[in-house]
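S.K.: Each chain, written out:
Protein chains: 2
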Amino acid sequence: MPHFSYHSLYQLAYQVFLAMGCPEADATTAAESLLIADLRGVDSHGVARLAGYVRLWEAGRINPKPNIRVVHQTPSTATLDGDAGLGLVVAPRAMQHAIQKAQQVGTGWVSVCNSNHFGIAGHHAMQALAQDMIGIAMTNASPLVAPTFSVERLLGTNPIAVAIPAHKQPPFVADFATTTAANGKLEILQRQNADAPLGWVQDQHGKPTSNAHALKHGGALLPLGSDREHGSHKGYCLGAIVDILSAVLSGAGYGPWAPPFVSFLPLPANPVGKGLGHFLGAMRIDAFRPAEEFKQHMDNWIQRFRNAQPAEGYERILIPGDPERAAEAERRQRGIPIADSVAEELHQLAKKFSISWE
Amino acid sequence: MPHFSYHSLYQLAYQVFLAMGCPEADATTAAESLLIADLRGVDSHGVARLAGYVRLWEAGRINPKPNIRVVHQTPSTATLDGDAGLGLVVAPRAMQHAIQKAQQVGTGWVSVCNSNHFGIAGHHAMQALAQDMIGIAMTNASPLVAPTFSVERLLGTNPIAVAIPAHKQPPFVADFATTTAANGKLEILQRQNADAPLGWVQDQHGKPTSNAHALKHGGALLPLGSDREHGSHKGYCLGAIVDILSAVLSGAGYGPWAPPFVSFLPLPANPVGKGLGHFLGAMRIDAFRPAEEFKQHMDNWIQRFRNAQPAEGYERILIPGDPERAAEAERRQRGIPIADSVAEELHQLAKKFSISWE
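Protein chains in written order, with this note's numbering: chain A, 187 to 544; chain B, 187 to 544.
Please note: incorrect hints may appear among the correct ones.
One copy or two, either will do: identical chains are not told apart, so a pair holds if it fits within one copy or between any two.
[Unchecked claim] No farther apart than 35 Å at their CA atoms in a straight line, the calculated lysine-lysine pairs in the DSBU-like style are these: (1) K538 - K354; (2) K251 - K481; (3) K460 - K354; (4) K538 - K393; (5) K460 - K538; (6) K371 - K393; (7) K481 - K393; (8) K251 - K393; (9) K393 - K354; (10) K354 - K537; (11) K393 - K537; (12) K393 - K460; (13) K460 - K251; (14) K251 - K538; (15) K460 - K481; (16) K538 - K481; (17) K537 - K371; (18) K251 - K354; (19) K481 - K537; (20) K481 - K354; (21) K537 - K460.
These are calculated hints, taken from the structure and not from any lab test. Owing to the predicted nature of the structure, the values given are computational and were not obtained by experimental measurement.
Okay, chain A solo, but in the shape it has when bound (with noise of 0.2 Å):
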């Protein structure tokens, strides 16, 4: 597999998103936000979703110049309008603003509608921990997801991402989809022609499979725990919060109504909201108590958990935010690996713009 640079994928995502006729600032925004999931080795969400901006622009359903604004506010909330912009631009637009209010009022909390797939969450909650915040993104998704009980894709992987600071140890940054496992995953399995494990999709009957393609026959991905009998309903209810919270709340295209990332696909009928829906919150630590202490404590939770004796066959716990640093660490050392058909479809983005590539 081909190793790139952070410096050679940023450069050519920025000059793609120039071509798409994104001012420079936005430019920027959107390949630092592309670019830190490929860094932080959440590969789904990096530059190999590139091309799918880019045929999302080419079908009109991307606004390269959008006139992002505030709709509707209070002292501690506000609504954004993302005026169909790309979601790596929106969503840091939208934490800005609620870090803004967090630092009025305590906290902030801002609904975004009329957006774009956002990336990974974990870069936008992570924006208020310089602040010494705690940060909040989620953001509601392309249905893929049946709620328990049912064969209907109704909810999308509606991720959720808290990034809370500490003083010496690294912040502790939680993020993930509410399903069993990520679309990202079983893309890798169907590439691979693998089968997937049992819980993780049911077929159009909606029974158990291990078919990693189920999803193209009708089949959908599960909610976290797989089955009612392992709490699925809980993974429903987490979806489902994170749509309400993005989208209804917001104005947004909730449940089956949320638009599709892949281009091929149309726009739901009768929409009953404006494109992606996302929610970004800050919450200042000395609105509760004096941050330093906070931060030592924080320290304390976090060794503790570090510390704590393995199961058989585990060498250490995991502190949520350390596999993500450890990929961080070794591609800012060693470059990114990049599948080759994702590295074709770059060289051939390149081409297209006519930009100066490797």
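With chain A's structure known, arrange chain B on it following the hints.
M.R.: Frame of chain A; chain B shown alone:
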């Protein structure tokens, strides 16, 4: 199994709380908080726990006349010290603060330390509904849950409740432990000497087991997801987030330092904070969009999900809150079924405090 009326059980609980020394208003609040669990079918959190609260009071761990006070605040946040009061009283008070803040600046967020077990989370979240607000409630709890890859019990079942108002439809009320199965469900199997499904608990070596008594022998409850392959690291993240927002943010005992509910277990040595912690939130709907508009879209959301096509073998898709509403309708009419052992315990409590009952 004997059935009791709401009124009868309420009167007993109210008299017991009065006998513990609670002021009348607090005894009312506590009895209501407790009974709502029995009404809604969450038997493990209702009058079955009354004797446990009494034992904690006898051990000097519950203060019946707490001076619940705000120790820190901003326009949208507050930190409350529950003064070792009943969580059943402290949490509703904290929710009132959250609602008042939301009335003023759009949202309100209250972290609580120095409290005790608060009953069912859903009840506290639902206080926001009548104000056209979204209510959120969480709490940390006695450590019974092992993080992914560990054999140590470092987290509680740490529930999350989110209540969202609708228009003509009943509200969306999610209320769930962040473990695969709540401890109450395991206790039912223990009483029946029945096996637990694999994925609910692990043994002292961290291996899967169907022994419902495994916790007595060094085992642990498992985070939602059951094992790494099925996303238990996500359940671990959720439990950790609840622990941090409820306890690290407020100054309560977090992780393995959370005080146990049972009075026969000693309080943790070298405490890192005071008592148990909760986190309550309220968000005004019209801080984001007009409330009527939102609630009509919630009706549409609920109807679309309720009418989804069921999987083979299932009749219909449930909306979060449906099972509890069905239990409440049935129990208000036919009375509340109480296990013989619990009924016997209640009679002993009545005798102990010279309460004329049944």
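S.K.: Each hint needs a verdict: does it hold in this structure or not?
M.R.: We went through each hint and held it up to the structure:
no.	hint	result
1	K538 - K354	neither (46 Å within a copy, 53 Å between copies)
2	K251 - K481	between (40 Å within a copy, 32 Å between copies)
3	K460 - K354	between (43 Å within a copy, 24 Å between copies)
4	K538 - K393	neither (44 Å within a copy, 54 Å between copies)
5	K460 - K538	within (30 Å within a copy, 62 Å between copies)
6	K371 - K393	both (20 Å within a copy, 25 Å between copies)
7	K481 - K393	between (46 Å within a copy, 34 Å between copies)
8	K251 - K393	neither (45 Å within a copy, 54 Å between copies)
9	K393 - K354	between (48 Å within a copy, 34 Å between copies)
10	K354 - K537	neither (46 Å within a copy, 55 Å between copies)
11	K393 - K537	neither (45 Å within a copy, 53 Å between copies)
12	K393 - K460	within (33 Å within a copy, 48 Å between copies)
13	K460 - K251	within (17 Å within a copy, 52 Å between copies)
14	K251 - K538	within (21 Å within a copy, 74 Å between copies)
15	K460 - K481	between (39 Å within a copy, 17 Å between copies)
16	K538 - K481	neither (49 Å within a copy, 47 Å between copies)
17	K537 - K371	within (29 Å within a copy, 60 Å between copies)
18	K251 - K354	neither (41 Å within a copy, 40 Å between copies)
19	K481 - K537	neither (49 Å within a copy, 49 Å between copies)
20	K481 - K354	within (8 Å within a copy, 45 Å between copies)
21	K537 - K460	within (33 Å within a copy, 63 Å between copies)
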